[in-house]
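K.L.:
So the chains spell out like this:
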Amino acid sequence: MAEEITTTEEKTVDKDIAALLTSPPKRAPEPTPELTGKIVKPKIVQGAAAHYKPHVAKPEIQEKLGFPGTLVENWQEAAVAKMRELLGKYKSLQVYMDICVRCGSCTDKCQYFLSTRDPKNMPAGRAELFRQVYRKYFTTEGKIFGKLAGAVDFDLSLLAEWYSYFHQCSQCRRCSLYCPYGIDTAEISMAAREIMDSIGLGQKYTNEIIGKVHELGNNLGMNEAALRNAIEFVEEEIEEDTGVPVKLPINEEDAEVLLVTPSADFFATPHLESLVGYAKVFHQAGINWTLSTTAAEAGNFGMFVGSYYHMQKIASRIKQAIEELRPKRLVVGECGHAWRVAYAFWNTLIGPFDMLNQKYPRPQHICEFTLDLINRGALKIDKSANDEFVVTFHDSCNVARATRMGDKPGGQFDIPRELIKAVTNKYVDMEYDTIRERTFCCGGGGGLLTDELIDVRVKGAMPRMQALHNVMETHGVNFMALICAICKAQFTKIMPKYGIPMEVAGGVHQLVGRAIVLGAKE
Amino acid sequence: MSGLTLLYTLFAYVAIAVFLVGFLARIWKYATTPSPLKIPLTPAPVNSVGVVYRMVQEVGFFKSLFYSNRIIWIGGYLMHIALLITIVKHLRFFFKTTPAALAWITSFEIYVGFIFFGALAFLFLMRLVIDRTYYLSLMQDYVLLIFLMLIAATGILTKYYVRTDIIKVKQFVMGLVQFRPEAIPGDPIFIIHFTLVLLLLIYFPFSKLMHSGGIFFSPTRNQVDDAREVRHVTPWAVKG
Amino acid sequence: MGMDRRTFLKLGGAIVIGSMITPGTQYLLASQEKKPGEKSKTRWGMVVDLNKCTGCKVCEKVCREENNVPFYGNKRYDAYWIRVANIRQELPGAPERYIPLLCQHCADAPCVHVCVTKASFVRKDGIVLVDEHRCIGCRYCVVACPYRARSIIFRNSNTWTNKELPRMMIGVATKCTFCVHRVDKGVEPACVEKCPHNALTFGNINDPNSKIAKIIAEGKTQVLRPEKLVRPGVFYKGL
Amino acid sequence: MKMKAITAFLVFLVILTLPFLVSAVNGDILSQAPQPKLEKAKAPAGVENKCVEEVPYMRANHMNILKTARVQVVRNGLREKYKKYSLENCFTCHRNRAEFCDKCHSYAGVEPGCFGDRGGCHYANTKK
Chain Z
985 MAEEITTTEE KTVDKDIAAL LTSPPKRAPE PTPELTGKIV KPKIVQGAAA HYKPHVAKPE
1045 IQEKLGFPGT LVENWQEAAV AKMRELLGKY KSLQVYMDIC VRCGSCTDKC QYFLSTRDPK
1105 NMPAGRAELF RQVYRKYFTT EGKIFGKLAG AVDFDLSLLA EWYSYFHQCS QCRRCSLYCP
1165 YGIDTAEISM AAREIMDSIG LGQKYTNEII GKVHELGNNL GMNEAALRNA IEFVEEEIEE
1225 DTGVPVKLPI NEEDAEVLLV TPSADFFATP HLESLVGYAK VFHQAGINWT LSTTAAEAGN
1285 FGMFVGSYYH MQKIASRIKQ AIEELRPKRL VVGECGHAWR VAYAFWNTLI GPFDMLNQKY
1345 PRPQHICEFT LDLINRGALK IDKSANDEFV VTFHDSCNVA RATRMGDKPG GQFDIPRELI
1405 KAVTNKYVDM EYDTIRERTF CCGGGGGLLT DELIDVRVKG AMPRMQALHN VMETHGVNFM
1465 ALICAICKAQ FTKIMPKYGI PMEVAGGVHQ LVGRAIVLGA KE
Chain Y
16 MSGLTLLYTL FAYVAIAVFL VGFLARIWKY ATTPSPLKIP LTPAPVNSVG VVYRMVQEVG
76 FFKSLFYSNR IIWIGGYLMH IALLITIVKH LRFFFKTTPA ALAWITSFEI YVGFIFFGAL
136 AFLFLMRLVI DRTYYLSLMQ DYVLLIFLML IAATGILTKY YVRTDIIKVK QFVMGLVQFR
196 PEAIPGDPIF IIHFTLVLLL LIYFPFSKLM HSGGIFFSPT RNQVDDAREV RHVTPWAVKG
Chain U
127 MGMDRRTFLK LGGAIVIGSM ITPGTQYLLA SQEKKPGEKS KTRWGMVVDL NKCTGCKVCE
187 KVCREENNVP FYGNKRYDAY WIRVANIRQE LPGAPERYIP LLCQHCADAP CVHVCVTKAS
247 FVRKDGIVLV DEHRCIGCRY CVVACPYRAR SIIFRNSNTW TNKELPRMMI GVATKCTFCV
307 HRVDKGVEPA CVEKCPHNAL TFGNINDPNS KIAKIIAEGK TQVLRPEKLV RPGVFYKGL
Chain H
544 MKMKAITAFL VFLVILTLPF LVSAVNGDIL SQAPQPKLEK AKAPAGVENK CVEEVPYMRA
604 NHMNILKTAR VQVVRNGLRE KYKKYSLENC FTCHRNRAEF CDKCHSYAGV EPGCFGDRGG
664 CHYANTKK
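Protein chains in written order, with my numbering: chain Z, 985 to 1506; chain Y, 16 to 255; chain U, 127 to 365; chain H, 544 to 671.
Fair warning: there could be bad hints in the mix.
As the list claims (entries may be wrong) - Below, computed lysine-lysine pairings styled on PhoX-like, alpha-carbon distance capped at 25 Å:
#: 1; chain 1: Z; residue 1: Lys-1127; chain 2: Y; residue 2: Lys-44
#: 2; chain 1: Y; residue 1: Lys-78; chain 2: Z; residue 2: Lys-1066
#: 3; chain 1: U; residue 1: Lys-320; chain 2: U; residue 2: Lys-340
What the hints assert, rightly or not - Computed footprint of chain H on chain Y; a stretch qualifies when at least three of its residues, placed anywhere within it, have a C-beta under 8 Å from a C-beta of chain H:
#: 4; stretch: 37–44
#: 5; stretch: 112–118
#: 6; stretch: 174–180
#: 7; stretch: 185–193
Stated by the list, open to error - Only part of the chain U face toward chain H is listed, based on derived beta-carbon distances under 8 Å:
#: 8; residue: Thr-243
#: 9; residue: Phe-247
#: 10; residue: Arg-249
#: 11; residue: Asp-257
#: 12; residue: Gly-263
#: 13; residue: Met-295
#: 14; residue: Arg-308
#: 15; residue: Asp-310
Bear in mind the hints are in silico, worked out from the structure with no lab data behind them.
Backbone N, C-alpha and C define an ideal beta-carbon position, used for all residues, glycine too.
Please take these sequences and the hints and turn them into a complete structure.
P.N.:
Dropping the structure here:
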């Protein structure tokens, strides 16, 4: 009798592990949320988003990154041990575990909650998954009162929830802005993902890409030949369009500027248009610049999984490129989380940048760079080239809430806007609650930009689509300028589902590229 | 010395010791845990004066909460202000001669206890009424609110209805502060009030009330936004 | 008329229960204050016979002494409870005339109506009073009074001739109380008692047998500014 | 880094232990608590040498009694009924305001409303 019971129990456990480790079943896409004209606070629906989860990373992907291939035998102890390590390493995590008072301030701020209505997608609800384990193993309160105090055993069903809900967070920090204590769910979800990775439960998309970067130097996994091909193609395109031979130098030593840009810029649309824009800016300004095959990727997915080691390893390619090519300045292309890593972390990870020209910010954002040239009159601009567009600007979450451009706080909002206004005639801002530091994430950041999470991405984009739709209706906006590769990829895919043509999304330097008048300087 | 006095003297010292050691241990932990990367929430101040100003806005006026949820801000802010005034008022029991500033604050308070109680009741109600906070609330959230409401209620009773001889209370408290035990006033309401406060002190370091100290260590709020200019170095994160 | 401790505690208990909602409601409990429309047996009033008044200003002096009304010798600050005004004569050669002005103790007192803190009130026996403990010195009543009977105390007073009553301190509105402390003891107001020409008569208007009621019944008295419809308790004869 | 942590810790330590520290600095850790002296003048002839209520009750509740009497006299004119509880009546025995009222009041940090913020409306009869 007893044996029978044990076997049934074992079977359920087996089934759970199997269910957890298999990829989600193929489902028909869920209906796109309707745009009602207003972003409303919904009533909660428990478990509404429980069925979304990304593919689990295969053992060979995991092992390449030094993580266990599959869920380890004693995963629970390992997870708690890892949690202890992280609590000792990150002040943010330790403080944020303790000080949430569940006031409810953040609850209606997350784009994933607003559209899925699942209470575990409220920032505090999501963090609660982590805190339940923290209370169980690290607090006196939880040890004494147990479940009564909200302390929960770290069992498989909770792990399954972790896997599901911590991969429905784009780490956009909107919750942190509205939290009276600044509790940053991004930090918590990073820690959760690191813990899951350390016990062998990784997300396929992110971890695969980290592997590719380590191996080939960029997220798309292009080798040097493919990269050179792509760039030649771009050069031909520009010459065909304008008749001016604009060059995109690669691996040139002792150039003035090393441009590090997300690898999507070499390949994907509309990213490519921005690359054209950068090239025209450098060409017209007469600045000697170069790309690098070593540092062909600005993006750093190590941040998404919270792994300091991988983040540093990925960033070290930049250092290597600087040492190889000895540029004087470092400029980063249009990418949100890449700019966060570059702006806020590079100096710590791979700094100090003593070998670069100390006169300029190290690194510098391409928007800062271009606007500076325009303000100094180094570029000839024909605004009317963009007259077909009424432009709005989407503040990318990582740029808006984790970085700065220029000297003043808030430069990350003003500089791209000034740049857009310098190259177009018609500019409109979206609603107050959806721009600047209050911006909504595109819905695809933080490692969610993968096909099996398409429903989450569509829903997460809802608030932004709503705001965009409103300005399209009222002001006839037909171009949303972006400065993030993930935003560009996400929006071109998502917007058709909301009945907005994908051409509406494009880079800021796409506009700059169109407006620059090439030719001899006067 | 009566049994009651002995009991409460010991109880008070235990509670104070638990509170002090527990609170300071948490603070020590927050202060010494490294923060390897710069993660201020931008737009952030670019110098430490700006950080102080930001913290003053957050701690003094709950700025983020104000822009986030006006209703919770009203309840929370009233509650905290009333609590602050109440604590400041109670300080007169702890100093041999009441400082002039303290007496001044005491003289213009009007029914702060009632505001405190009302704000707590309001917050309690909001927890139940908003479905999102109802979902989030744990047992300890309700327990703490009820606990504070009881403390407020007994405090109001001793002040307005069942008067306690505060000279005796002050002698007792001064005795505790100067390690020279005195007899505890025998008023039942005062004893309940005092017991609840001591229990709260014991629970304090283990509860979410640590947000009072923790907020000063929140990296998204207390860091300077100078990542490009100054290299942020933490021993474990930057080797060598 | 003493009160044993039991009664006192009972009364205290009633106050406690009543003020459970908020302390301060004790002011409204067991109130002897007059409700609008209420008829009472007693209404104190005064008749001023202007034919007898010579403008000697004795009333002003005794009032100050009795009620500690401050006098600084500075027109801007001086407070008056009773003030003898000189009536301007239009015909040359006409005899000088004087009129003592004091609080008219209106039944529908506008000063009470406008009072923010309910410091001003009308007692059941018709006397309009200011509870100086509650007064915050907002001066609404000073503006509202049609007779300019109220003064604000602008400076702490050094005048303290009658130690039975409190000294007047800065920041409150004051006015004639009909010497309420005397009236409660059954004594006439000081000005009535001390007037050398017997120009003032004090008494219960609602008692038809009183001296004052009889004077009024003669029909030769008038009130000041009747168009204000405030039903004053002070009547003037020979106006 | 380490310095910052220690500074933060010390700031909290000082704030939390302020009452103890102040007492220590004042140097009266071992001294007796100040006993408020309830100096009582000899009652005038013919007046019973006893307070209007029991002393412990008066200690806790005198402010309520005074306030109730105040309201009843000023607003309701019950002058005779509450004469016993008038401030004037108190002054017949407790003549010295400084010794009787102020000693406890300043010890407890409470300003008496009778003489307090307006500067002394009712403080005359204490003069000998």
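K.L.:
Taking the hints in turn, state whether each one holds.
P.N.:
Now for the hints, and whether the structure bears them out:
1. Lys-1127(Z) <-> Lys-44(Y): Status holds; Cα separation ~19 Å.
2. Lys-78(Y) <-> Lys-1066(Z): violated, 35 Å
3. Lys-320(U) <-> Lys-340(U): Status holds; Cα separation ~22 Å.
4. 37–44: holds (count 4)
5. 112–118: It holds, with 4 qualifying residues against the three required.
6. 174–180: With 3 residues close enough to chain H, the hint holds.
7. 185–193: Since three or more residues must qualify, the claim that chain H covers the stretch 185–193 of chain Y holds, with 6 doing so at under 8 Å.
8. Thr-243: Result: violated, 13 Å to nearest chain H Cβ.
9. Phe-247: At about 6 Å, which falls below the 8 Å cut-off, the nearest Cβ of chain H leaves the hint on Phe-247(U) intact, so it holds.
10. Arg-249: holds, 6 Å
11. Asp-257: holds, 5 Å
12. Gly-263: violated, 10 Å
13. Met-295: With Cβ-Cβ at 4 Å, under 8 Å, it holds.
14. Arg-308: At 11 Å from the nearest chain H Cβ, Arg-308(U) fails the 8 Å test, so the hint is violated.
15. Asp-310: With a closest approach of 5 Å, the Asp-310(U) hint holds.
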